[in-house]
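The primary structure of each chain is shown beneath.
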Amino acid sequence: MVQSTFFIRLGKCEGINWIIFDDIDKVCRNERFVKRNLVSKGLTAGVEKGRVLAVPYHYLFNNPVYNTELWAKEKWDIPKNLTGWVAWCKDAKAKGYVPLAWPGATRGQAAQISNSALMNSAADYDALSANLADLNSGKIDLTSTWFKGVADIYVKLRNAGCFPDNPTGVTEAAAYNLFATGKSPILPTGTFSMGSIKTLAPALTGKMQLMSMVLTDGKVVAEGIMNNTFNLSVNAKSNPTDQRIAKSFLSYLATGPVAAIYAVATTQHVNVLDVDYSANVDLLNTSAFQAKNTMLAPRFLILNTSVSDLTQDALIQIVGGKSPDDVLPDFSKQIKQKLQG
Amino acid sequence: MGAPALILFLAFYLYPALQNLQFATRRWDGITEPENVGFRNFTNLLTNDDLFYKTLGNNIEFTFLVVLFQTALALIFAVFLVKNTKTNIALRTLYFFPTILSSVSVGMIWLFLYDPNFGAINLFFNSIGLPSFALNWLGSESSALYAIAFSQVWFHTGQMMVVYIAGLQQIPKELYEAAEVDGASRWKQFTSITWPMAMPTTLVVMAYTTIQSFRAFDLIMVMTNSTAGPNNSTSIFSTLVYFTLFNELRLGYAAAQTIFMVATMVLITWLQRRAFSGRYEK
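Protein sequences appear in the order of chains P and R.
The numbers in this note's numbering rise by one with no breaks, and the one at position 55 of the first sequence is 55.
Convert by adding 1000 to the 1-based position in the second sequence; the result is the number in this note's numbering.
With the rest of the complex left out, here is chain R (with noise of 0.2 Å):
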């Protein structure tokens, strides 16, 4: 009954994951002759790779900021929009629906709300006397990786918002009417009872958004014009392998980059779990 399953598992997972692993410790173009090097390009990642380090930095702040952000207004919004009134169901419709548009319109989107001459963003804050906050978004350093990761937020709260209600919705009724018969405040509720009973769903909704925040490669490129932005501020680790295997054509490289790169995601995803599972237990 499972061998098609089987099958299906191996030839399309662990395959083509233990191919990587093989092609990580080969030197090819992906044309001539590959050159066995054994573990020559991981040394070479992990002692002389500068951008190897950025991108890790980069991708590690990218996926903090956007867990947070992401997943805290995914959660204020669910609780003021999970009841079933006609109103909340229309604004539960306008905040998802960014996540219905393909992400390369979403980044072109930005990208116009970005531009520092004609942009809106620039535009309003010049209008309203504050042009110190009128800033070159995408073509500085220091503020490309935060405006792609406000514009990855916008992107996809509406969808979080939406996991959120569901597992809102589950916390039965009778443990409100309690703590309201007790006189809780809607803090207290909320800290007592919401969080606590949410926690399955946080979980779940912070592993998803540090996944999704691993793959924003095609609001990175299409935001910064397929540079990975302003001397690499905005590289991540999926833009890392694919200009390493495109531009560069490493295909040996860019294989031990990716066994980085899904050995920090675990490692995320592993970590959060462990700061909050003894929550989710108690």
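Isolated chain P (complex conformation) (with noise of 0.2 Å):
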């Protein structure tokens, strides 16, 4: 049965047995949809020590999503740095408006502007890897100089007034309440976001945009976030008849009408190359990001679901005005204890 040969399973693969893949290379020379529709940076969440176990059809952007129109009016520029941001934030809030429409009370949400200050927190992408296994292992915890660091990002962003009042307190609901009616002229969170904006205002069809957030004054590795879910796989263990039709079906997926249909019902974009997004102007106009220098989002590397838990929280305490120096030696003890259990 193909249903029982064809799965689909968000996030990553981590664990799973259903190998028919191989090696990267042998994937792109073998598999020829797979060199041919899909767009290669967006495979690595498919990756595990250079195997693809799946191929990711999803293309999400972690981003900020600002208003245009907005930022047309008040003719300002995306800030190219952190001094950029607080000096913007300043300004938004001396004009009245919640510079970012931060979700504090929804973890997930809220963590996304994380992947923003993770992203150039370290060296390389590498060096930022080993930070976070080191982190979800408890190799180091939160008080080391690394994680004080992007502490210390939120912290300027808070002192400079670039979140909501009462930002612990605000939902998911609320956040997207104050970006939809023109009160902030950020959301950060991502692209996904865009569909429920468009249901709560019609007017901002069009007029939604994604853009980078650099939070270093230091070297810049990445320009934005991308993450790569609802992986695609066959079970190795099904009859070679089934796995024909499922490596048929995907490759089915990965052309670009078929993706374009799936990309314009979801309202996201998809790993799929030469997709016509045009159905949906916003999608269409955030497409080209995909060109952008992305990282996959790092958040995502700490895999333990305790420790990325209480890792966000302590942010979000910070962000809720305590200070680092009791957060994070508080949260890394609760993330110890966690690891020792």
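Hints were generated in silico from the structure; no laboratory data involved.
Keep in mind it's a predicted model, so treat the numbers as computed, not measured.
The beta-carbon is built from N, C-alpha and C at its ideal position, and this holds for glycine as well.
A few of these clues could be false.
In silico contact screen, one side only, chain P against chain R (beta carbon under 8 Å); selected entries [unchecked claim]:
hint, residue
1, Gly-104
2, Ala-105
3, Asn-166
4, Thr-168
5, Val-170
6, Thr-171
7, Ala-174
8, Asn-293
9, Thr-305
10, Gln-317
11, Gly-320
12, Ser-323
13, Gln-337
14, Gly-341
For lysine-lysine, the following DSS-like pairs were computed, each having C-alpha atoms within a straight-line distance of at most 25 Å [what the hints assert, rightly or not]:
hint, chain 1, residue 1, chain 2, residue 2
15, R, Lys-1054, P, Lys-333
16, P, Lys-336, R, Lys-1054
17, P, Lys-156, P, Lys-95
18, P, Lys-207, P, Lys-90
19, P, Lys-322, R, Lys-1173
20, P, Lys-148, P, Lys-90
21, P, Lys-336, P, Lys-322
22, R, Lys-1054, P, Lys-338
Partner residues aside, some chain P positions facing chain R, computed with beta carbon under 8 Å [stated by the list, open to error]:
hint, residue
23, Thr-106
24, Arg-107
25, Pro-164
26, Asp-165
27, Gly-169
28, Ser-306
29, Asp-313
30, Gln-334
31, Gln-340
Taking the hints as your guide, dock the two standalone chains into a single complex.
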């Protein structure tokens, strides 16, 4: 049965035994649709130790979405570095806006901005991955110099008035409301929020764009965040005929016209080349971000859910007004206890 | 005759309970082979888990507040609405109304009411010139648990009021008539007749409210966006077990937590009965 052969799974592919694809070079050589039709950069989320476990179908951008009309009206330029962001927040707040419609009460959405804070926090992607792996394993904790630097970004943004009042109580619905009503010029979540915003404010159709959020005054490693989900794979234990059918179905999904239907229906970008997004003007406008120097969402490199949640909770507490000197040791202790449990 | 009931009890109560005891001695993610760890889950809970003690404290505080206010309000409403007049029946319906709502709906309603920037509660305080009362209700460690406890009381007081009314209507009217003849005030009638005669109902209400407050999982999950509140300030046993089980995939540890949860619930209920049963027997 094709149904049992073919499966769709959200998120990353760790722990899956159903591998049919092989190392990435062989996949690109043997599975022509992968080489011809898929965005090669978008395959990373399905690769583990050089082996392709699955091919991601969704292509998300966990970058801030901004209201182009408001930005044009206020004649703002997108800040180029952390100093620029601090100055912009002060300016936007002075003009009566809530600079970032940040949903601090909804951990998953509040955490999106941490991708931007992490993205340029280390010398390169490998160094960042190593830091996050060490945090995940308990080799380092939140009081490390590197993470204190990340926390310091939050402190600077907080002190510049970037976040809403009572930030830790702002729900996703309230944040969307701030952005949809024009009270806030930036929704720091991602492309996946655009559909909900258009439901709230149809007038914003075609007036949303993605922005780079470079939160460093030093070296820029990446200018944006991507995430590739809905990883598709084939059950290696199914019979060869079913495997061929399943692969054919994958290659069918990976054709531009089919992927376009999927993209428009789900209001998400897809990891497929030559997709016509013109049926959804916001997907079309933001699709150019695929060509940018983006990084696979680093916050998802913390694989231990407890460590990830506590790390985000610590940053949320800092935005809420607490000092990193109090928060980071406290949450480090909690992480240590979770890892020892 | 009793065999089917016994089989159901063994299959759906005793067996899962015993299996839970077995799970509590294992380290298991539900996928790979379980590892026998003896009492390590218990010792870890007691010696190296601050969240466990925070949860225990939260749960006791939450239960105390809910039981105290829900029982007191339910009794007060019942006393005033015990007579079957048209107005009273209408008011009983009104007070009972939240009980028929789903807990998710109630959680959503209060989530909007408590919103720190747009919510009706803070808008009200700001409009009457009391901005210092406009708090970050659910976003602050210091107020989140109390805010949810208030919602829980609002949600279930009507239900307990109905239980009390049923109990109060069983008190013989002659007792009140005799008291009035003796010149007893309303307050004296309450303290000497209503309160002692309503003690069996009070015990039922308190036991049920205690269990209810341990099961406030859905309200907490909705009102804290599935996070157990800022810095786990609204973590109670049911949310702790859920996160341990489904977020962390630590089935054995979650099983050990449920044992403490049940033990705490039994202990609180026992203490309540012990505190009030003496009066009841008199």
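Violating hint indices (sorted, rising): Structure breaks hints 8, 12 and 19.
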